[in-house]
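Asker: Line order of the protein sequences matches chains A and B.
Each residue of the first sequence is one higher than the one before, counting from 1 in the UniProt record's numbering.
Each residue of the second sequence is one higher than the one before, counting from 1 in the UniProt record's numbering.
Don't read these hints as lab results, they were simulated from the structure.
Heads up, some of the hints might be wrong.
If you want a taste of the chain A side facing chain B, the calculated C-beta under 7 Å gives, among others [what the hints assert, rightly or not]: (1) 16; (2) 21; (3) 28; (4) 45; (5) 115.
Chain A stretches covered by chain B per the calculated footprint, using a threshold of three residues with CB under 8 Å from any CB of chain B [stated by the list, open to error]: (6) 137-150; (7) 212-226.
Remember, it's a predicted structure, so these values are computed and weren't measured experimentally.
Positions of the beta carbon are idealized from the N, C-alpha and C atoms, including for glycine.
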Amino acid sequence: MRQPLPQRLLGISGKLLIAAILGFIILPAVVVTIAAFNSKAILTFPPSAYSFRWFERAVSYGDFKKGFQAGLTVTLWASTIALVVGAAFAFAINRYQFKFKRALEGLLLSPLIVPHFTIGLGLLMLAAQTGLPRGYPLIVFCHVVLVLPFVMRCAYISLQNLDTRLELAAASLGASPLKILLTVTLPLLVPGLVSGWLFAAILSFNEFTASLFVTTQATQTLPVAMYNYVREYADPTLAALSVIYIVVTAVLLSLANAYLGLGKVLNVEQGR
Amino acid sequence: MTRRPFLGWFVSPAGLVALGLAAALAAVFQYSLRAYIPGSLDVGGFTLGNFADLLKPIYGSAFLQTVALCFETAVITLLLGYPLAYALVRTRNKALKSVILIIAVTPLFLGEVVRTYSWMIVLGNNGFINSVLMGLGLIQKPVQFMFTSFGVVVALVHVTLPVMVIMLAAALSHIDRDYEKAAESLGAGPIRAFLTVTLPLSMPGIIAGVTTAFAWTFSAFATPQLIGGGRVNTISTLVYQLGFASFNFPFAATLSVAGLALTLVVLALLKRVMRPLEKLGEH
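Can you make the complete structure from the sequences, with help from the hints?
Answerer: This is the structure in C-alpha cells:
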C-alpha cells in the first residue's frame with residue numbers, strides 16, 4: 001500500500017532531519033580524527049601530509065602518562081565505592097520506608113543540579129578548613145558524589161524491572177533474607193549493576209570541572225592534564241589523544257549495548 | 001511494623017556520603033559570608049559585603065549572559081533532541097536503533113575537555129568549517145566563531161544533547177501507541193495525532209530534559225572558558241578566575257551561592273510554566 005504524498009514527504013524530510021542531527025553529533029569526532037593524522041604542528045584542512053607522530057607523542061608525554069595513572073586510580077576507587085553505596089541505597093529506597101528517605105535521596109541526587117564547580121569549590125574549602133590534605137581520598141570522595149546519581153538510577157531501574165515473585169518463591173521454600181538477597185536478588189541485578197559501574201567509571205575518568213578544583217599538580221587526572229596542555233600548546237597531540245578516547249569509549253559502549261542492552265539500562269526501550 | 005532486614009547496612013554508607021556533600025555545601029555558604037583578606041588564603045570575619053558586591057554591573061551582566069546561554073542551549077537541544085529520541089524509540093530496525101543510540105549517547109561519556117577541544121578545531125579561524133567554506137569560495141575571510149557566544153552555544157548543545165535524548169526517549173517509550181492509533185482511527189492525521197496525543201504525553205520527559213540541559217549548561221566550565229576565550233563570561237569562569245587567579249575564595253563562594261539560588265529559582269519557574277502543559281497529557 002502506497003502512502004499518500006504528504007505523508008511520504010513527511011517521512012523523507014524526517015529521515016533527512018535525523019541524518020543531519022546525527023551528522024552534527026559526529027562532526028567533531030570526524031574532524032578531530034583528520035586533525036590527529038595531520039603531520040604538521042599547525043592545523044590545516046585538508047592536511048598536506050599524514051603521520052602517526054602525534055599519537056606517539058600523546059602516549060609518551062609525561063603529564064598524560066601520570067594523569068592516566070592518577071585518573072585510573074581515582075576512577076577504580078570511586079566507581080566501585082559508588083556502586084556499592086548506590087546499589088545498597090537504591091535497594092533501600094525501592095523496598096523500605098524510613099526516616100529522612102526523601103531528604104537523603106534528594107541530597108544524593110543534587111549533584112545533577114548543583115554545578116560541578118560549586119561541589120569542587122566546597123570540597124576544596126572543606127579541606128582547607130579542616131586541615132585535611134588535598135590527596136586522593138578527597139578526589140575519590142568528590143567523584144563518588146558526582147557519579148552516585150547515575151549508579152542509583154541504573155540500580156533503581158533494574159530493581160523496578162525485577163520480578164519479586166522469585167524472591168517470594170525462595171522465601172516460601174524457607175530461604176533466609178540474607179540467602180535470598182545473595183542468591184536470588186543480587187544475581188538478577190547483575191546486568192544493571194555492571195552497567196551502572198561502567199557508566200560511573202567512564203564518567204569519573206572524564207570528570208573535569210570539579211577535579212580541576214580538588215586536584216594538585218601531583219594528583220591531576222587526565223582531563224585536567226589535557227586542559228592544561230591545550231592552554232599551552234596548539235599542536236595536534238590532543239587531537240590524537242581525543243581519537244584514542246573516542247574509539248575506546250565507543251567500543252566500551254558498543255560492548256555494553258551488545259551484552260547488557262544499553263536501551264534497557266537507560267530505560268529507553270519501547271514499553272509496550 | 002514491617003520487617004526491614006539490613007536497612008542500616010543499606011542506608012548508612014549513603015548517609016555518610018550525603019553528610020560529606022552537605023558539609024562541602026555548608027563550607028561554600030560559610031565562606032560566602034567571610035571577608036576577603038587580599039594576599040592571604042585565610043579569611044576574615046563574617047560580613048554581608050560579598051553579597052553587596054554582587055550588585056556590581058560586571059556580575060549582573062555575567063548572570064544575564066549565563067542565563068541567556070543556558071536558555072538558548074536548552075531550547076536548541078530540545079528542538080534537536082526530540083526528533084532523534086522519537087526516531088530512536090519508534091524505529092523498528094534493530095540495527096538502526098543501536099546506531100542511533102550509540103551515536104547519541106557516546107558524546108555524554110567523552111568529557112567536556114575532549115568535546116570542547118574538538119569543537120575548537122571545527123570552529124577555529126583555520127578550522128574545518130572556515131577551511132571548507134573558503135575552499136568552496138563561499139567566503140573570502142574566516143567567519144569568527146571562536147570567542148563568540150554562538151560558538152559556545154553550538155558546543156554546549158553538543159554536550160547536553162545526549163542527556164536530552166535519553167530523557168525524552170525514556171518518556172516516549174512509555175507512551176502507549178494505542179492512543180495514537182485511536183487518534184488516527186478517529187480521523188486525525190499523523191501531525192495532528194502527534195501534536196494532540198504524543199507531544200502532551202511526553203511532557204514529563206521534556207520538562208526533565210530541559211531542566212537537566214539548563215543545569216548542565218550552568219555547570220559547564222571548559223566550554224565557555226576555552227571557546228569563549230575570556231570574552232564570554234559565565235558564573236563558572238568567574239568563580240574559577242576569582243579562586244585561582246586572585247585567591248578571593250570568599251567572593252568565589254558568594255558567586256556560587258548566588259548561582260545556585262538562581263538555578264533553583266529558574267528551574268522552579270520552568271516547572272511552574274510547564275506544568276499546565278503537562279496537564280494536557282492527563283486524561
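Asker: Are the hints correct? Go through all of them and say.
Answerer: Comparing the hints with the structure gives:
1. The criterion of a C-beta within 7 Å of any C-beta in chain B is not met by residue 16 (chain A), whose closest approach is roughly 10 Å, and the hint is violated.
2. The beta carbon of residue 21 (chain A) comes within 5 Å of a beta carbon in chain B, closer than 7 Å, and the hint placing it at the interface holds.
3. Annotation: residue 28 (chain A) was flagged as interfacial toward chain B, and the flag holds, the nearest CB pair being 3 Å apart, inside 7 Å.
4. Given hint, residue 45 (chain A) at the interface with chain B, holds; its Cβ is 4 Å from that chain's nearest Cβ, closer than 7 Å.
5. Interface restraint check: residue 115 (chain A) against chain B, minimum CB-CB distance 4 Å, threshold 7 Å, status holds.
6. Residues of the region 137-150 of chain A with a Cβ under 8 Å from some Cβ of chain B number 4, which satisfies the need for three, so the listed coverage holds.
7. Check result for the region 212-226 of chain A against chain B: holds, 4 residues qualifying (beta carbon to beta carbon below 8 Å, three or more required).
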